[in-house]
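The chain contents come next:
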Amino acid sequence: MQTLVAYVENKPGVLNRVASLARRLAINIDSLTVGPTENEEIARMTIVAHTDERGAHRLEASLEKLVDVLLAENISTRALLERDLALIKVSADQQNRPHLMELIKVFRARVVDVAPESLIIEVSGTVDKIDGLLEVLRPFGVLEMARTGRISMTRGGDLLQPPPATQSESLETAEAKSK
Amino acid sequence: MKLTGAETLCESLTRLGVREIFGYPGGAILPVYDALGKSKLHHVLVRHEQGATHMADGYARASGGIGVAMATSGPGATNMVTGIATAMMDSSPVVCITGQVSSKVLGSDAFQEIDITGITMPITKHNVVITKAEDIARTIREAFLIANSGRPGPVLVDITKDAQQASAEFNWEASEPKLPPKRLRNNHDQAEFDRAVEMLNTAKRPIILAGHGIMVSGAMRAFEQFVRAGNYPVAMTLLGIGCFPANDPLNLGMMGMHGEAWVNNAIQEADLLIAVGMRFDDRVTGDLRTYAKSARKIHIEIDRAEINKNVKVDAALVGDAREVLEKLTPHIQTRDHGTWIRHITELKGDSAVRDIQSLPDNGHLYAAHVINDIWKETRGEAIVVTDVGQHQMWEAQYYHHNQPRTLITSGGLGTMGFALPAAIGAKFAKPGSEVWVVVGDGGFQMTMSELATIVQEKISIKIAIINNGYLGMVRQWQEFFYDKRYVATPLVAPDFAALANAFGIRGERITKRAEVVPIIRSARESNETVLIDFRVEQEDSVYPMVAAGASLSDMIRRPNNPLVETATEP
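Chains A and B, in that order, are what the protein sequence lines are. Read in order, the letters of the first sequence are residues 700 to 878 in my numbering. Read in order, the letters of the second sequence are residues 33 to 602 in my numbering.
The following block holds chain A by itself, in its conformation from the complex (with noise of 0.2 Å):
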């Protein structure tokens, strides 16, 4: 599994050439979330894909060659900070409520709905942490549940920014060439 963290044009159509070129690299995705990031016009993508590092590299120089992606970057090796968000729907009546809500203070999880004959849980951390709540919830009957996909950060110093707004390449060249 390879983590792959790219910056993108925030627009339509970008979401799409990047899970197409995946496709077309035969690589499969296990887990893509794209959001704004601070600078409003760039998106910021976390991709988890099945594959070696080999194909990370071939995916992520691809990537780049599209217009639309600033900087893509396999992440794999470095320390990372990862996150998964999760809300689980969980049956729970009068007699395994307090049971329930225990478990969910182990994991440090909180209860964010509470019906009659059910609980929503929220609960975030890593993949593993996540499936580990969950293993545990199985008994009580997991009615629904939604997960973000993983979110990535390097650690400390080691900063991934969006390249700067100035362009790489001399314009009149290009078109000078292009004549």
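None of these hints come from the bench; they were simulated from the model. As the structure is a prediction and not an experimental result, all values here were calculated from the model. Glycine included, every Cβ here is placed at the ideal spot set by N, Cα and C. Accuracy of the hints is not assured; some may be wrong.
[To be verified] Label pairs and their calculated CB-CB ranges:
{"id": "1", "chain 1": "A", "residue 1": "ARG723", "chain 2": "B", "residue 2": "PRO526", "range": "35 to 45 Å"}
{"id": "2", "chain 1": "A", "residue 1": "ALA845", "chain 2": "B", "residue 2": "GLY69", "range": "50 to 60 Å"}
{"id": "3", "chain 1": "A", "residue 1": "ASN795", "chain 2": "B", "residue 2": "SER140", "range": "48 to 58 Å"}
{"id": "4", "chain 1": "A", "residue 1": "MET844", "chain 2": "B", "residue 2": "LYS210", "range": "40 to 50 Å"}
{"id": "5", "chain 1": "A", "residue 1": "ARG723", "chain 2": "B", "residue 2": "ARG589", "range": "34 to 44 Å"}
{"id": "6", "chain 1": "A", "residue 1": "LYS710", "chain 2": "B", "residue 2": "LYS516", "range": "55 to 65 Å"}
{"id": "7", "chain 1": "B", "residue 1": "LYS210", "chain 2": "A", "residue 2": "LEU858", "range": "18 to 28 Å"}
{"id": "8", "chain 1": "B", "residue 1": "ASP141", "chain 2": "A", "residue 2": "LYS710", "range": "23 to 33 Å"}
{"id": "9", "chain 1": "A", "residue 1": "PRO863", "chain 2": "B", "residue 2": "PHE225", "range": "20 to 30 Å"}
{"id": "10", "chain 1": "A", "residue 1": "ARG723", "chain 2": "B", "residue 2": "GLU511", "range": "28 to 38 Å"}
{"id": "11", "chain 1": "B", "residue 1": "PRO281", "chain 2": "A", "residue 2": "GLY712", "range": "47 to 57 Å"}
{"id": "12", "chain 1": "B", "residue 1": "GLY150", "chain 2": "A", "residue 2": "GLU821", "range": "28 to 38 Å"}
{"id": "13", "chain 1": "A", "residue 1": "ALA845", "chain 2": "B", "residue 2": "SER140", "range": "27 to 37 Å"}
{"id": "14", "chain 1": "A", "residue 1": "GLY848", "chain 2": "B", "residue 2": "LYS72", "range": "47 to 57 Å"}
[As the list claims (entries may be wrong)] Calculated from the model, a selection of chain B residues having no Cβ within reach of chain A, i.e. all distances over 12 Å:
{"id": "15", "residue": "VAL137"}
{"id": "16", "residue": "PRO281"}
{"id": "17", "residue": "LYS344"}
Go by the hints and put chain B onto chain A.
Just chain B now, kept in the frame of chain A:
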């Protein structure tokens, strides 16, 4: 100044240096055609939109500039798909402009509406829909910039009819391209560079694999200096042919599936491969597990995604071929490869010095004779545009190109039907050059309707149909790998000479070897297009051949036959 979107488009194209547009009108592009009529742009009316894209492609390949193709929405746009994919696979800078239904009805399955940007996403370098007149100038400038920068490729611009019709202020200066800022990558990692230099200076048996990228980069001079500095033998990819003169003693000829035997053997024996602007296509490497096992590899390539894609390399120098070569050449210290070059000359044996022209006339007409005679008569100076198949490989073997951009052929996609329209584009790019089409009887029948375009445009192209009555390359595979079961390869064709006459073109039929040179001379003397139907040996095959997936060392050689399998010494 207020202009309509259509007028803005024509004005922008003119300012970008476009002279010809290859296209076909229709409802959703009519406003542009109306504006075209009032502009200085010359529109070449094609007979099928695929032809328009191949013409733009041929124009781009012959000139190094950008070719422009135009079509209407729906079927006009979908007919372009094959030509766009051809340009994509061979990194050819083509800009396709398509009409689209009005933005108000987009997505409603309107008449002749199709999602052409969706369809062409994987086969374009970039594509875009324009729905506002004010976006046209900037987007067209961006399209031109993208098409011919870095690794070139096709760009499709889809313009809705209302954007063509609406008026907007035209301000060229204010319409500068605004492409997203890209990360500048450090392409010249010093450690990688030093490793490459060390490899260059310690190799005993180096060989250069020269590809299309040298031509695209305009690196011919830098490449020659690099070759001379290291005294390196050079092997060519199909699309690399022309980037280094065929008559240079260091040029060994073509590598790969139908490459020269000595070239493939030299690659297999080499201790260093210097790959420049090529991408280790499967037609070049054969079985990767047995490919150049004793060689270290340096890869000079502008596209980072090509590095380690097929062949794992020891040093990757990512960048423009000219820049990298110019930086490398001063560091070359070793040029003593005499023993190695003598060894390669021995590998050639006597096959290289036999001249097919001196073989006795056995009553048969072979494609190799025809192509070799065209080479001799044109002194290797013509632009030759080929189709795909046996004749394409024979062209690469028997026509010796000394100048870049003189062999135009569909390599990556292998698009039959490419030759005739691409040649029309090449002729527009180089009106002073002699342009020859070398095409099979199969491929010619795919796009022969463009003969009418030739007549309408009054241009002069010499067309040599290598007519063997088969889809020859497929027949050859059936002969070798399917026990001669010739399913769907015998091919009925019209009387091509009579067909040419029907179009108003002089047509000739040649069946004897003695007639070949006189007809070539006669065709060359004519100022008009001439079509020659060469009825060649029907079941001849291209040798040598590395079967698909086989090792490069494992070549199928011509069976005991007086006809030589290899090229003459250029």
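Going through the hints against the structure:
At about 39 Å, the CB distance of ARG723(A) to PRO526(B) agrees with the hint of 35 to 45 Å. Between ALA845(A) and GLY69(B) the Cβ separation comes to about 57 Å, which falls inside the hinted range of 50 to 60 Å. At about 53 Å, the beta-carbon gap between ASN795(A) and SER140(B) stays in the expected band of 48 to 58 Å. About 43 Å separates the C-beta atoms of MET844(A) and LYS210(B), a value consistent with the hinted range of 40 to 50 Å.
For ARG723(A) and ARG589(B), the Cβ-Cβ distance of about 38 Å falls inside the hinted range of 34 to 44 Å, so the restraint holds. Separated by about 57 Å at the C-beta atoms, LYS710(A) and LYS516(B) satisfy the suggested range of 55 to 65 Å. A hinted range of 18 to 28 Å for the beta carbons of LYS210(B) and LEU858(A) is consistent with their spacing of about 26 Å. In this structure, ASP141(B) and LYS710(A) meet the distance hint of 23 to 33 Å, their C-beta atoms being roughly 25 Å apart.
Judged by the Cβ atoms, the range 20 to 30 Å given for PRO863(A) and PHE225(B) holds: they are separated by roughly 26 Å. As the Cβ distance of ARG723(A) to GLU511(B) is approximately 34 Å, the hint placing it in 28 to 38 Å holds. Judged by the Cβ atoms, the range 47 to 57 Å given for PRO281(B) and GLY712(A) holds: they are separated by roughly 53 Å. One distance hint, 28 to 38 Å for the beta-carbon pair GLY150(B) and GLU821(A), holds here, with the actual separation near 37 Å.
Taken as a hint, the range 27 to 37 Å holds for the pair ALA845(A) and SER140(B), whose Cβ atoms sit roughly 33 Å apart. In this structure the supplied range 47 to 57 Å holds for GLY848(A) paired with LYS72(B), their Cβ-Cβ distance being about 54 Å. In this structure VAL137(B) is separated from chain A by more than 12 Å, as the shortest Cβ-Cβ distance comes to about 18 Å. Annotated as non-interface, PRO281(B) keeps its C-beta farther than 12 Å from every C-beta of chain A; the closest such distance is 33 Å.
The beta carbon of LYS344(B) sits about 9 Å from the closest Cβ of chain A, which is not more than 12 Å, so the claim that it is off the interface is violated.
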